[in-house]
Amino acid sequence: MTPAGEITIELNHRAGKVEAVEIASTRPDAARVFVGKTPEQVLSIVPLLFSLCGNAQAYAALQACRAALRMPAEPEADAAREHLLQLETVREHAWRILLDWPGLLDQQPDKTAVAALLKIDRQFKSCLFQDGEAFKLDSQLQIDAPRSQGLLAELTGLIDQVIFDGGLRGFLAMTNEMQLHDWLDGNKALAAQLLNKLYQRELHALGNSNVAGLPNLDPAELNRQMQSTDLSAFCRMPQWQGRCYESTPLSRQQESPLLTDLRSHYGNGLLPRFVAVLLEAAAIPQGIKSMVGTMPAYAADGVGLVQVQAARGLLIHRLELRQGRVYDYRIVAPTEWNFHPNGVLAQGLKSLQADDEEGLRRQAEWLINAVDPCVQYRLVLTPEN
Amino acid sequence: MCLALPAQIIDIDFATQMATASVDGVKVEVSLALVDDVKVGDYVLVHVGYALNKIDEDEALKTLALFAEAGLMAS
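Note that the protein sequences, when read in sequence, are chains A and B.
Residue 275 in the numbering used here sits at position 275 of the first sequence, and the numbers go up by one each step.
Residue 1057 in the numbering used here sits at position 57 of the second sequence, and the numbers go up by one each step.
Careful, some of the hints might be misleading.
Straight line, CA to CA, 16 Å or less: simulated EDC-like cross-link-like pairs of lysine to aspartate or glutamate [what the hints assert, rightly or not]:
| # | chain 1 | residue 1 | chain 2 | residue 2 |
| --- | --- | --- | --- | --- |
| 1 | A | 119 | B | 1037 |
| 2 | A | 125 | A | 160 |
| 3 | A | 111 | B | 1036 |
| 4 | A | 119 | B | 1036 |
| 5 | A | 37 | B | 1056 |
| 6 | A | 136 | A | 78 |
| 7 | A | 188 | A | 106 |
| 8 | A | 350 | A | 10 |
| 9 | A | 188 | A | 160 |
Residues of chain A placed beyond 12 Å of chain B at every Cβ, according to the derived structure [to be verified]:
| # | residue |
| --- | --- |
| 10 | 14 |
| 11 | 16 |
| 12 | 44 |
| 13 | 47 |
| 14 | 69 |
| 15 | 74 |
| 16 | 75 |
| 17 | 100 |
| 18 | 143 |
| 19 | 185 |
| 20 | 204 |
| 21 | 239 |
| 22 | 267 |
| 23 | 376 |
It is worth saying that the hints were derived from the structure and are not from the lab.
All C-beta atoms in this analysis are idealised placements derived from N, C-alpha and C, irrespective of residue type, glycine included.
Construct the entire structure; sequences and hints are all you get.
Spelled out as structure tokens, the structure:
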């Protein structure tokens, strides 16, 4: 195992049914490296540690530092930074779709498309900020609108071509499952092939559980709850008001009519999960911004606490400064909500049923990929006697 | 949070675009399909089986030092 750690998911099963689920994590607390550093040093280190979801991590760190330092708001620069966050969400969704979904369809991934996607994505920062430095205390906004719009058009075109086979606009226009069936009929797009496979294999409701989506967390109340509990324990296994919650693309999309219809039939099963990811990948480059938002930062007595929506769900950074240096730094990643031992993945896995162990393994892999395709995990199936 | 670790390439199979890389002394198999012009000795950022991008040695060593400082490295 590498220093990045991993999550071990153990399923105990009998007669094709899951009897028990255990989830254990060795993911490290990397935030401890920030203790003793100045805010400027923290913001230099963040991109080195977190190159995945790097914009979300860097934006959360910047806002937490700014809040703790009681610095004034930067509405225009923050709008540009949130733009970068949304584009990162699109990149994260799209590259996992392009790499993972062909495997679920017994096909080879189109790595050329992934490389093209990453190439476009790398250019956005330098279109919006001087020297491409977007997440420093002294970052300077410098928008190259024509180039930025050109890149957006290129990104949208690529996603439309390689994921939707030219059917992106039609996908975004759907409002109910009936229209989805029509869209899927005879459709050879990667997105359509995967959704069709869910229907064909009757996997559309797989993993449905009654774990609710994480509500908006009041910043002051979140700070109070974090302070009143063991901070390390909260970061490893977060709960809100004593309950587990889901924080994913599906849980944050409350306004999509299509998802509302699908959820009424399949809850938080596989089909609504994959559709939620597709909607974000398709909609964000089109300028629909309501899907990814931020809550106001909390600031008091050298404490800065922020919540940002990263690709996989809610990301929380909380820091405490004393004499200008970090006294305490905590990060709560969406994985810790979703892979909580009693959380949405655990409850979903408990509902699985198959003819044999291999069938259970395949179902579990589908569900894990749908909840968070980015997590390094080890799946162990153990028959119970 | 997910960490992408700097890994040093120690062997490349050009036919399959796969490489063996060393992460803190642990050997991992990585796909080079998403990066260009990688050679033995280079550092790349690795996540879930893929080299995401090439990074220069200074940046890699600085990042590894940070991991060590955080007590995340075995060596």
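Exercise for review: Could you tell me which of the numbered hints above are not met by this structure, giving the numbers in increasing order?
Suggested key: 2, 5, 12, 13, 17, 23
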